[in-house]
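Enquirer: Sequence:
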Amino acid sequence: MQKHRVLLLSEGFGAGHTQAAYALSSSLRKVEPHVQTKVLELGSFLNPRVAPIIITAYKKTVSSQPRLVRMMYRSNYKKSLNRLTTLALHRMFYTRTIQVIRHLHPDVIVCTHPIPSTIISRIKRLEMLDVPLCTVITDYDAHGSWVSREVNSYLVSTEQVKQKLLERGVDESKIRITGIPVHPNFWERHRKEDIRAQFGLKNMPTVLVMGGGWGFMKDEAVNSHLASYRDRIQIIFCFGNNEKSLEKMKKDPRFLHEHIHLLGFTKEIDKLMEVSDLLITKPGGMTCTEGLAKGIPMLFHKPLPGQEEENSHYFASQGWGTQISSLDDITAWIDRLCNNYDEVIREREKVLDQIESFYPLQSAQAIMELIGQNEELKDCPSY
1 MQKHRVLLLS
11 EGFGAGHTQA
21 AYALSSSLRK
31 VEPHVQTKVL
41 ELGSFLNPRV
51 APIIITAYKK
61 TVSSQPRLVR
71 MMYRSNYKKS
81 LNRLTTLALH
91 RMFYTRTIQV
101 IRHLHPDVIV
111 CTHPIPSTII
121 SRIKRLEMLD
131 VPLCTVITDY
141 DAHGSWVSRE
151 VNSYLVSTEQ
161 VKQKLLERGV
171 DESKIRITGI
181 PVHPNFWERH
191 RKEDIRAQFG
201 LKNMPTVLVM
211 GGGWGFMKDE
221 AVNSHLASYR
231 DRIQIIFCFG
241 NNEKSLEKMK
251 KDPRFLHEHI
261 HLLGFTKEID
271 KLMEVSDLLI
281 TKPGGMTCTE
291 GLAKGIPMLF
301 HKPLPGQEEE
311 NSHYFASQGW
321 GTQISSLDDI
331 TAWIDRLCNN
341 YDEVIREREK
351 VLDQIESFYP
361 LQSAQAIMEL
371 IGQNEELKDC
381 PSY
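My numbering applies: residue 1 is where the sequence shown begins, and numbers increase by one.
Bear in mind the hints are in silico, worked out from the structure with no lab data behind them.
As the structure is a computational prediction, the values presented were derived from the model and not from experiment.
In this text, a Cβ means the ideal position worked out from N, Cα and C, and glycines have one as well.
It cannot be assumed that every hint is accurate.
Claimed, not checked - Calculated lysine-lysine pairs in the BS3-like style (CA-CA distance at most 27 Å, straight line):
#  : residue 1 : residue 2
1  : 267       : 202
2  : 3         : 124
3  : 248       : 302
4  : 174       : 30
5  : 192       : 174
6  : 174       : 162
7  : 202       : 192
8  : 174       : 3
9  : 174       : 38
10 : 251       : 302
11 : 30        : 192
12 : 202       : 174
13 : 162       : 124
14 : 124       : 202
15 : 124       : 174
16 : 251       : 267
17 : 302       : 244
18 : 202       : 248
19 : 350       : 202
20 : 124       : 38
21 : 162       : 192
22 : 267       : 248
23 : 3         : 38
24 : 124       : 164
25 : 267       : 192
26 : 192       : 350
27 : 267       : 30
28 : 30        : 164
29 : 267       : 38
30 : 302       : 250
31 : 250       : 202
32 : 267       : 302
33 : 174       : 164
Unchecked claim - Estimated spans, in silico, between C-beta atoms of each pair:
#  : residue 1 : residue 2 : range
34 : 346       : 167       : 36 to 42 Å
35 : 31        : 250       : 37 to 43 Å
36 : 104       : 192       : 40 to 46 Å
37 : 256       : 338       : 20 to 26 Å
38 : 224       : 125       : 50 to 56 Å
39 : 198       : 329       : 26 to 32 Å
40 : 36        : 338       : 46 to 52 Å
Let the hints inform the model, and build the full structure from the sequences given.
Expert: Okay, structure coming up:
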């Protein structure tokens, strides 16, 4: 049996893009056990010294100058990356991309970040590559930087994102609504008793606090406010890769309590969401979708300009989450957990029923279908 090869390209500007690539890799192997997948953060792979410096600078800019980030996002909102920018990116970081592709010989290239998608589009435009290109938009918005004529297929989260692509001139036949791919584990249901035993948790109202892969959840007012309820609720703080903030909180007596659990990076967020009753988080596209798969109500903390703001607006419009406008929003939710817990559970079950029709492997199936279509095209006499 022929083994198909899928190359998944991302970049390290936020953890969600690469998480989506790995989630697709897992889903593809569920759909087709014989498929071979390779995930690369392309810029970091080709330039391991320079890329981390740029990513660190980007992280600092996002956290310290949100107005600048918002202005840049909005000023180019409807524009694809121009050819001069694409050429500059290629010469600075991606000159060996075509060598990598020819070495791996993929049947399809899947991009979960707009920069590698743009780079592969340029190579296809120069007729140096005829491999199908699939771009997976990992947010609930469609910035113009995702759009290139050479993309063969777009996988998008919602009808609204599809409409934005249509407005930018993308052919409808290229767009497929699949939802954002999350790891298949998030669609599975686990025994809560087993999870509580694994993490040393109690059976009581539980709040999960996440700051995304970069651990941006460092709001002193929010964290302190939550800790003041430690006798009434259980709180799990998950810091991702932010070890500095984790160690700082471990030394703070306010958070040294049997109902407060401090965690660093973990690959078992799906289990923690399963046993939690409220998620306080940055509204990244991946985190929001993972929370939706678990049906957990969400409070969104200070969305970053651009994609996170749009994610927050979409989930609020669907009744799946609320942006925190003041500490009173947190207080109201804690009161609900303590005084109307059964109602919270019932509402969560309604959300799970609402999303039951979501098929978690749609993205993987769409990619395999794209491979099949390309093989049929090659078999045609006129190809």
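Enquirer: For each hint, tell me whether it holds in the structure or not.
Expert: Tested hints:
Proposed proximity of residue 267 and residue 202 is supported: the alpha carbons are some 21 Å apart, at most 27 Å. Only pairs whose Cα atoms come within 27 Å are accepted, and residue 3 paired with residue 124 is accepted, the gap being roughly 24 Å. The straight-line distance between the Cα atoms of residue 248 and residue 302 is roughly 21 Å, inside the 27 Å bound, and the hint therefore holds. Between the alpha carbons of residue 174 and residue 30 the distance comes to roughly 24 Å, so the proposed pair stays at or under 27 Å and holds.
The straight-line distance between the Cα atoms of residue 192 and residue 174 is roughly 41 Å, outside the 27 Å bound, and the hint therefore fails. Under the criterion of a C-alpha separation no larger than 27 Å, the hint pairing residue 174 with residue 162 is consistent with the structure, at around 10 Å. The hinted pair formed by residue 202 and residue 192 meets the criterion: a straight-line CA distance of about 10 Å does not exceed 27 Å. Proposed proximity of residue 174 and residue 3 is supported: the alpha carbons are some 25 Å apart, at most 27 Å.
At roughly 24 Å between alpha-carbon atoms, residue 174 and residue 38 fall within 27 Å of each other, so this suggested pair holds. Our distance criterion of 27 Å between C-alpha atoms is met by residue 251 and residue 302, whose separation comes to about 25 Å. Note on residue 30 and residue 192: the hinted pairing holds, with a Cα-Cα distance of about 25 Å set against a maximum of 27 Å. Note on residue 202 and residue 174: the hinted pairing is violated, with a Cα-Cα distance of about 48 Å set against a maximum of 27 Å.
Of the supplied pair hints, the one linking residue 162 and residue 124 holds, its CA atoms being roughly 23 Å apart against a limit of 27 Å. At most 27 Å may separate the alpha-carbon atoms for a hinted pair to count; residue 124 and residue 202 exceed this at roughly 55 Å. Note on residue 124 and residue 174: the hinted pairing holds, with a Cα-Cα distance of about 16 Å set against a maximum of 27 Å. For the proposed pair residue 251 and residue 267, the alpha carbon gap of about 24 Å is at most 27 Å, so the pair holds.
With a C-alpha separation of about 20 Å, the suggested pair residue 302 and residue 244 falls inside the 27 Å cut-off, and the hint holds. For the hint pairing residue 202 with residue 248, the CA-to-CA distance comes to about 24 Å; that is within 27 Å, so the pair holds. Annotation: proposed proximity of residue 350 to residue 202 holds, straight-line Cα distance about 25 Å (limit 27 Å). Restraint check for residue 124 and residue 38: satisfied, since their Cα atoms lie roughly 20 Å apart, inside the 27 Å limit.
About 37 Å separates the Cα atoms of residue 162 and residue 192, which puts this hinted pair outside 27 Å; it is violated. Between residue 267 and residue 248 the CA atoms are separated by roughly 22 Å; this keeps the pair inside 27 Å, and the hint holds. For the given pair, residue 3 sits about 13 Å from residue 38 by alpha-carbon distance, which is consistent with the 27 Å threshold. Distance hint between residue 124 and residue 164 is fulfilled; the C-alpha atoms sit about 24 Å from each other, no more than 27 Å.
At most 27 Å may separate the alpha-carbon atoms for a hinted pair to count; residue 267 and residue 192 meet this at roughly 17 Å. Between residue 192 and residue 350 the alpha-carbon distance is near 19 Å, which keeps this suggested pair within the 27 Å criterion. Between the alpha carbons of residue 267 and residue 30 the distance comes to roughly 19 Å, so the proposed pair stays at or under 27 Å and holds. At roughly 31 Å between alpha-carbon atoms, residue 30 and residue 164 are farther apart than 27 Å, so this suggested pair is violated.
Among the hinted pairs, residue 267 with residue 38 is consistent with the structure: their alpha-carbon atoms are about 19 Å apart, no more than 27 Å. Restraint check: the Cα-Cα separation between residue 302 and residue 250 comes to about 24 Å, which is no more than 27 Å; the hinted pair holds. Among the hinted pairs, residue 250 with residue 202 is consistent with the structure: their alpha-carbon atoms are about 20 Å apart, no more than 27 Å. A C-alpha spacing of about 24 Å is found between residue 267 and residue 302, which places the hinted pair at or below 27 Å, so the restraint holds.
Annotation: proposed proximity of residue 174 to residue 164 holds, straight-line Cα distance about 13 Å (limit 27 Å). The hint said 36 to 42 Å for the Cβ distance between residue 346 and residue 167, and at roughly 39 Å that hint holds. Separation of residue 31 from residue 250 is about 42 Å and conforms to the stated range, judged on CB atoms against 37 to 43 Å. Between residue 104 and residue 192, the C-beta spacing of about 42 Å keeps the proposed range 40 to 46 Å intact.
Between residue 256 and residue 338 the beta carbons are some 22 Å apart, a value that agrees with the proposed interval 20 to 26 Å. Checking the proposed 50 to 56 Å range against residue 224 and residue 125 shows it holds: the Cβ atoms sit about 53 Å from each other. Between residue 198 and residue 329 the beta carbon distance is about 31 Å. The supplied range of 26 to 32 Å therefore holds. As the Cβ distance of residue 36 to residue 338 is approximately 50 Å, the hint placing it in 46 to 52 Å holds.
Violated hints for the displayed structure, listed by number in ascending order: 5, 12, 14, 21, 28.
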